[in-house]
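Novice: The lines below spell out each chain.
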Amino acid sequence: MKLLVAVKRVVDYNVKVRVKSDHSAVETAGVKMSMNPFDEIAVEEAVRLKEKGAVTEIIALSAGVTQAQETIRTALAMGADRGILVETEVALEPLAVAKLLQAVAKKESVDLVLLGKQAIDDDMNATGQMLAALLGWPQGTFASKVEIADGKATVTREVDGGLETVELQLPAVVTADLRLNEPRYASLPNIMKARKKTIDVVKPEDLGVDVTPRLTTLSVAEPPARKAGIKVPDVATLLDKLRNEAKVI
Amino acid sequence: MVSLVLIDFDDTGIKQPARSAVAAALKLGEVHALVAGAGVGSAAQAAAKIAGVTKVLVADDASLGHALAEPLAALIVGLAGGYSHLLSAATASGKNVMPRVAALLDVQPLSDISDVVDADTFVRPIYAGNALATVKSSDAKKVITVRASSFDPVAAEGGNAGIENITVASVPCISRYISSELSKSERPELTAAKIIVSGGRGMQNGENFTKLLDPLADRLGAAVGASRAAVDAGYVPNDYQVGQTGKIVAPELYIAVGISGAIQHLAGMKDSKVIVAINKDEDAPIFQVADYGLVGDLFTILPELEKSL
Chain A
1 MKLLVAVKRV VDYNVKVRVK SDHSAVETAG VKMSMNPFDE IAVEEAVRLK EKGAVTEIIA
61 LSAGVTQAQE TIRTALAMGA DRGILVETEV ALEPLAVAKL LQAVAKKESV DLVLLGKQAI
121 DDDMNATGQM LAALLGWPQG TFASKVEIAD GKATVTREVD GGLETVELQL PAVVTADLRL
181 NEPRYASLPN IMKARKKTID VVKPEDLGVD VTPRLTTLSV AEPPARKAGI KVPDVATLLD
241 KLRNEAKVI
Chain B
250 MVSLVLIDFD DTGIKQPARS AVAAALKLGE VHALVAGAGV GSAAQAAAKI AGVTKVLVAD
310 DASLGHALAE PLAALIVGLA GGYSHLLSAA TASGKNVMPR VAALLDVQPL SDISDVVDAD
370 TFVRPIYAGN ALATVKSSDA KKVITVRASS FDPVAAEGGN AGIENITVAS VPCISRYISS
430 ELSKSERPEL TAAKIIVSGG RGMQNGENFT KLLDPLADRL GAAVGASRAA VDAGYVPNDY
490 QVGQTGKIVA PELYIAVGIS GAIQHLAGMK DSKVIVAINK DEDAPIFQVA DYGLVGDLFT
550 ILPELEKSL
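Chains as they are written, first to last, in my numbering: chain A, 1 to 249; chain B, 250 to 558.
Just to be clear, a hint being listed does not mean it is correct.
Looking from chain A toward chain B, a few residues come up when the C-beta cut is under 7 Å (computed) [stated by the list, open to error]:
{"#": "1", "residue": "V19"}
{"#": "2", "residue": "A98"}
{"#": "3", "residue": "D123"}
{"#": "4", "residue": "M130"}
{"#": "5", "residue": "V159"}
{"#": "6", "residue": "G162"}
{"#": "7", "residue": "T165"}
{"#": "8", "residue": "G208"}
{"#": "9", "residue": "D210"}
{"#": "10", "residue": "R214"}
{"#": "11", "residue": "L215"}
{"#": "12", "residue": "T217"}
{"#": "13", "residue": "V235"}
{"#": "14", "residue": "L238"}
{"#": "15", "residue": "K241"}
{"#": "16", "residue": "A246"}
Counterexamples of contact, computed for chain A against chain B with all Cβ distances above 10 Å [as the list claims (entries may be wrong)]:
{"#": "17", "residue": "M33"}
{"#": "18", "residue": "E51"}
{"#": "19", "residue": "T56"}
{"#": "20", "residue": "G79"}
{"#": "21", "residue": "E167"}
{"#": "22", "residue": "Y185"}
{"#": "23", "residue": "A194"}
{"#": "24", "residue": "I199"}
{"#": "25", "residue": "D200"}
{"#": "26", "residue": "A221"}
In silico lysine-lysine, DSS-like type, Cα no more than 25 Å apart, as pairs [as the list claims (entries may be wrong)]:
{"#": "27", "chain 1": "A", "residue 1": "K2", "chain 2": "A", "residue 2": "K203"}
{"#": "28", "chain 1": "A", "residue 1": "K247", "chain 2": "B", "residue 2": "K443"}
{"#": "29", "chain 1": "A", "residue 1": "K52", "chain 2": "A", "residue 2": "K145"}
{"#": "30", "chain 1": "A", "residue 1": "K197", "chain 2": "A", "residue 2": "K52"}
{"#": "31", "chain 1": "B", "residue 1": "K304", "chain 2": "B", "residue 2": "K390"}
{"#": "32", "chain 1": "A", "residue 1": "K231", "chain 2": "B", "residue 2": "K443"}
{"#": "33", "chain 1": "B", "residue 1": "K460", "chain 2": "B", "residue 2": "K529"}
{"#": "34", "chain 1": "A", "residue 1": "K16", "chain 2": "B", "residue 2": "K390"}
{"#": "35", "chain 1": "A", "residue 1": "K227", "chain 2": "B", "residue 2": "K443"}
{"#": "36", "chain 1": "A", "residue 1": "K193", "chain 2": "A", "residue 2": "K50"}
{"#": "37", "chain 1": "B", "residue 1": "K556", "chain 2": "A", "residue 2": "K231"}
{"#": "38", "chain 1": "A", "residue 1": "K231", "chain 2": "B", "residue 2": "K529"}
These aren't lab readings, by the way, just hints derived from the structure by calculation. Note that beta-carbon positions come from the ideal geometry of N, C-alpha and C, so glycine has one too.
Based on the provided sequences and hints, a complete structural model is requested.
Specialist: Spelled out as C-alpha cells, the structure:
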C-alpha cells in the first residue's frame with residue numbers, strides 16, 4: 001500500500017511574526033522556516049504505519065518555492081522514501097494544493113493520504129477535506145488515532161465534545177491532530193541517507209492544474225493590542241478589582 | 250442575496266456558535282438555516298425561532314445521523330444553487346464539512362472569518378491571530394466558516410421562520426460512524442461560557458484540576474479550560490483545550506492559572522474582555538495580555554480565592 005504525505009514549509013512556530021509596514025503581508029524574509037508542525041505529525045504517522053508493515057512506500061510532497069525541497073528532505077530524513085516538489089512561485093491556496101495532491105494521488109495510485117489538519121501560517125484547516133472531496137474519498141479529520149486493517153482505516157477524531165471514531169473505506173484522506181503521536185527527531189545517519197533519496201520536481205502545468213488564486217489579500221494588519229494591565233498584590237485586591245473596576249463578577 | 254447557515258445542534262438544543270454564524274450571515278442579507286440529522290424535529294422547531302432566520306430547511310435522514318462529512322457535504326452541495334453564501338460556525342463539525350463543500354463547488358473557502366466587510370470581502374485571523382488579513386474572494390459563491398467569538402450571537406427566540414422538509418438523495422456510503430467518547434459536564438460549554446477558569450502545566454496533575462479548579466469554576470458558574478500542555482500531559486481531555494488549534498473563546502472573564510502563555514494559547518483567548526493571570530513566574534508571557542496579574546503559588550491562591558468569593 002502506497003501512502004502520500006503532504007508537507008508545507010511555514011514560518012517556524014517559535015517565531016513571533018511581524019506585519020510588513022506596507023500592510024501587504026507578514027514578513028517572511030530572513031525568518032526561520034520549518035515544516036508545519038501538524039505535517040510533522042502526519043509524516044511520523046506515515047513512518048509508523050510503514051514500520052508496522054501496513055504501508056510499503058511513503059511519498060512526501062510539498063508544493064511551493066524551490067526551498068520547499070528542504071522541507072521534503074526533513075520528511076525523507078524522518079523515513080519517507082522519496083519526494084515530489086511541485087514547484088511554483090504562486091502563493092498557493094488550499095484549493096490549488098488539493099488539486100495538485102489529487103493529481104499526484106491518482107498518478108501514483110496511493111491508498112492513503114496523510115496531512116496536517118491545518119497549517120500554522122494561514123490557519124485555513126481545509127486542504128485535507130478538499131482533497132478528499134475532489135477524489136471522492138472519505139475523510140478522517142483531526143485524527144488522534146489511526147488504525148489500518150482489512151482495507152479500512154479506523155480513525156479516532158478530536159471533536160468539540162471529546163472524541164469520535166469513524167471507519168473509512170480505503171482509499172481515504174486523514175488529517176493529523178496534535179495528539180496523534182510525537183514526531184521523532186531525524187538521526188544524523190538518517191539525515192545523511194536522506195540526501196541520497198530522490199526528489200522529483202514538477203510544475204503545476206505538468207499535472208494539468210490551474211493554481212490561480214481565488215482570494216486577493218487587500219491588507220494585513222496587526223490585531224488591536226491589549227492595553228497594559230496591572231499586577232495586584234493579593235487575592236483581596238484581585239476580587240475588589242474584578243467586582244468594582246471590571247465588574248465581571 | 251440569500252445565505253444558508255448550517256446549524257450545529259445536539260440533544261440539548263442549538264449550539265450558541267450557530268447563532269453567531271447566523272449573526273455573521275445577517276450582515277450579508279436574508280438568512281435561511283439548514284438543520285440536518287436523524288430525528289431532528291425539535292432542533293428544526295428551535296431553529297425556526299432563531300432571530301433573523303426566515304426559512305428553515307430540514308433534512309431528516311438516517312444517513313445524516315452523525316454529521317459525517319461525506320453525506321452532509323453532498324446534501325449542502327445539492328442545495329447550494331439557490332444561495333450566494335454557505336456558512337457554518339467554525340466548530341469541529343463545520344470545519345470538517347465546509348471545505349469539502351467548497352471543493353465540490355470548486356470554491357476556495359474562507360475559514361474562520363472574524364468580520365464581514367462586504368459580500369465578497371472578509372477579515373480572517375492568520376498566524377494564530379497575530380495578524381488579521383482582509384481578503385476578497387473572486388468565487389461566485391462563498392463558502393465560509395465563522396469564528397463564533399467574533400460575532401455576538403443573535404437571540405435564540407423571536408424568529409418565526411417557515412419550515413420546509415427536503416428530500417435527501419442517497420449517496421454511496423464510504424464512511425461509518427463507530428462511537429463517541431464525549432466529556433460529561435454540568436458546567437457551561439467553553440464556547441458559550443461567560444467566565445472560564447483555565448489551567449496549564451502549573452496545575453501539575455489532573456487531580457489538582459478536580460481539587461482546585463473545579464470548585465472555583467462552580468463558585469463562578471464558569472467553564473473549565475486548559476492549555477495544550479495540560480491536555481498533552483493527560484491532566485484533562487482534549488475538548489478542554491483553548492488555543493490556535495483548540496477552542497477559540499472570548500468570555501467576559503478568563504482566569505489563566507499556571508499557564509505560561511505561549512502564542513498558540515494566547516491565540517485562543519486574547520479577545521476575552523477581562524483576563525486574569527495567576528502564575529508563580531512573574532516574567533511569564535501571560536502577564537503581557539492580563540488585565541490583572543497575581544504572582545504567586547496557585548496552590549495557596551486558588552483555595553483562598555474560592556473561600557473569598
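Novice: All the hints need checking, so say for each whether the structure fits it.
Specialist: Results of checking the hints against the structure:
no.: 1; hint: V19; in the structure: 5 Å, holds
no.: 2; hint: A98; in the structure: 6 Å, holds
no.: 3; hint: D123; in the structure: 6 Å, holds
no.: 4; hint: M130; in the structure: 4 Å, holds
no.: 5; hint: V159; in the structure: 4 Å, holds
no.: 6; hint: G162; in the structure: 4 Å, holds
no.: 7; hint: T165; in the structure: 4 Å, holds
no.: 8; hint: G208; in the structure: 15 Å, violated
no.: 9; hint: D210; in the structure: 10 Å, violated
no.: 10; hint: R214; in the structure: 4 Å, holds
no.: 11; hint: L215; in the structure: 5 Å, holds
no.: 12; hint: T217; in the structure: 5 Å, holds
no.: 13; hint: V235; in the structure: 5 Å, holds
no.: 14; hint: L238; in the structure: 5 Å, holds
no.: 15; hint: K241; in the structure: 6 Å, holds
no.: 16; hint: A246; in the structure: 5 Å, holds
no.: 17; hint: M33; in the structure: 13 Å, holds
no.: 18; hint: E51; in the structure: 23 Å, holds
no.: 19; hint: T56; in the structure: 23 Å, holds
no.: 20; hint: G79; in the structure: 23 Å, holds
no.: 21; hint: E167; in the structure: 4 Å, violated
no.: 22; hint: Y185; in the structure: 17 Å, holds
no.: 23; hint: A194; in the structure: 28 Å, holds
no.: 24; hint: I199; in the structure: 27 Å, holds
no.: 25; hint: D200; in the structure: 25 Å, holds
no.: 26; hint: A221; in the structure: 5 Å, violated
no.: 27; hint: A/K2 to A/K203; in the structure: 22 Å, holds
no.: 28; hint: A/K247 to B/K443; in the structure: 13 Å, holds
no.: 29; hint: A/K52 to A/K145; in the structure: 14 Å, holds
no.: 30; hint: A/K197 to A/K52; in the structure: 22 Å, holds
no.: 31; hint: B/K304 to B/K390; in the structure: 20 Å, holds
no.: 32; hint: A/K231 to B/K443; in the structure: 23 Å, holds
no.: 33; hint: B/K460 to B/K529; in the structure: 19 Å, holds
no.: 34; hint: A/K16 to B/K390; in the structure: 34 Å, violated
no.: 35; hint: A/K227 to B/K443; in the structure: 21 Å, holds
no.: 36; hint: A/K193 to A/K50; in the structure: 17 Å, holds
no.: 37; hint: B/K556 to A/K231; in the structure: 21 Å, holds
no.: 38; hint: A/K231 to B/K529; in the structure: 12 Å, holds
The structure fails hints 8, 9, 21, 26, 34 (numbered hints given earlier, in ascending order).
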